[in-house]
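Asker: Residue numbers (the working numbering), protein chains in the order written: chain V, 1 to 209; chain B, 210 to 426.
Keep in mind that the hints were calculated from the coordinates and are not lab data.
Computed from a prediction, not measured in an experiment: that's the story for all the values here.
Glycine is no exception: its CB is placed at the ideal position from the N, C-alpha and C atoms.
Among these hints, one or two may not hold up.
[Stated by the list, open to error] Cross-link-like lysine-lysine pairs, in silico, DSSO-like; alpha carbons within 30 angstroms at most:
1. B:K340 x V:K124
2. B:K316 x V:K22
3. B:K262 x V:K205
4. B:K316 x V:K43
5. B:K340 x V:K205
6. B:K262 x V:K72
[What the hints assert, rightly or not] Over the 10 angstroms line for every Cβ pair with chain B, so calculated as not near, a few chain V residues:
7. A20
8. E46
9. Y149
10. E184
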Amino acid sequence: MSRTPREPNAPSRERGFRRAEKILAAAEALILEGGIEHLSAPKVAERAQVPNSSVYQFFPSPTAILNALSDKHSAALFEATRLATVHGHEHHKGESFTSYMERIVETMAAYYARHPVAAELFLKHSDLPRDAGISRLERRMEAARFGRYWHGRLDGAEVPETDPDPYLLMNGLIEGVLSAALREAGAITPDWVAEAKRSVGAFLKAALP
Amino acid sequence: MSSDGRRKQKKPTQARGWERRAALITAAEIVLDSTGVSDFSLPRVAEAAHVSKASVYQYFPTRSDLLTALADRHLRRMGAEFVQIYAGPKLHDERNEPGTLYIEMIKSVGSYYARHRTARLLLLGGNPCQKVWETESRNRRILAHGIRSGLTLLGIEWAQAEPDPDPLLIYQGIVNGMMKMSFEACGALPDDALDRICRAALAYLADRGVLHAGAGA
């Protein structure tokens, strides 16, 4: 076996990575200004101050940009809720699953407030590109499995697995209410977060066997 | 967002014009069903309708205008289907359980979405563009108002002051969000999911103290 070859373009890779980040940041700014529908490669290139060709090099189409953004935010949103879980494990011993879910709602609302592009993609837009939709659904299914685990652990609940998974439906409920908040109040205000928690409470009381 | 040279959307003045417009909306539905939102375009609609691009632009200057028109059509049809139930004998039955109105509404809307994929793409959860988002937001307020009027017609008075945030807007958020999730997760709205949606929505309304019997309470 030969020696591992030196990576000749390692520095340029590093530069390439930074350039891709820059392009995504420009795309986020454009989405916030004009919505997803007006995203185009030339506009992104202009905003990022890079040549058109370099946008195409990383992202062959606007769809690829949306996929990358969606992937980044679904991963980060999931990570944020997972951290809230770990926090709960250490500091919230003896809490009920309802208050666990209320913390998840707060975490989600806070994430969307900090990242308006995520709200634009997940709460305002109805039809993400196929790949983005799939990767997002996978994260949500993972979150649903977490929910099931903690429900069992905190409340001793044993909810039969059905299709669609009830915990996934609960995730849909939360996002439906947060989306309604954006419609009505233009932002996820504390009043609406309180109602999202209340609706989760209603779901847990009435919709799980 | 509109450019300077933007053409005005033509309002047909003759029956033939309305028919053409309706035919374009039907073609748009077929195109949207096969392309999804991101690849939906006016030239594709022109091709599907066997008309020139210019005649599409004449009625619908932008893609948003055509998507909005299709969304409106779906809403009107969804409303018409529900009104049939609403006017039916079920709601005037004295033995109605609390929440009958809502359950019938959820079932009716759910069955419409199950049969119309493009309605899901346009209306369920989010919307494909800013224009449909704004129209839909207005429509949800109109629906909330409609539910209140309906309940009043049935002799049920709402509390004097409107609670804020409006429970009927949150009710719609719950129903839409859960339905969307069900379609995304398994491509359908099984009875089991529908049942959970009804339970969650009704429990929420009850918790806000605004759940009334469907009739004769």
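Asker: Taking the hints in turn, state whether each one holds.
Answerer: Comparing the hints with the structure gives:
1. B:K340 x V:K124: 12 angstroms, holds
2. B:K316 x V:K22: 47 angstroms, violated
3. B:K262 x V:K205: Between K262 of chain B and K205 of chain V the Cα gap is close to 54 angstroms, so the pair fails against 30 angstroms, i.e. violated.
4. B:K316 x V:K43: At roughly 44 angstroms apart (the allowed maximum being 30 angstroms), K43 of chain V and K316 of chain B break the hint.
5. B:K340 x V:K205: 37 angstroms, violated
6. B:K262 x V:K72: 38 angstroms, violated
7. A20: Fine: 21 angstroms to the nearest Cβ keeps A20 of chain V off the interface.
8. E46: Correct as stated: the minimum Cβ-Cβ distance to chain B is 17 angstroms, above 10 angstroms.
9. Y149: Non-interface label on Y149 of chain V holds, nearest chain B Cβ at 18 angstroms vs cutoff 10 angstroms.
10. E184: Contrary to the label, E184 of chain V does not stay out of reach of chain B, its closest Cβ about 6 angstroms off (not over 10 angstroms).
Hint compliance for this structure: hints 2, 3, 4, 5, 6, 10 are not met, and every other hint is.
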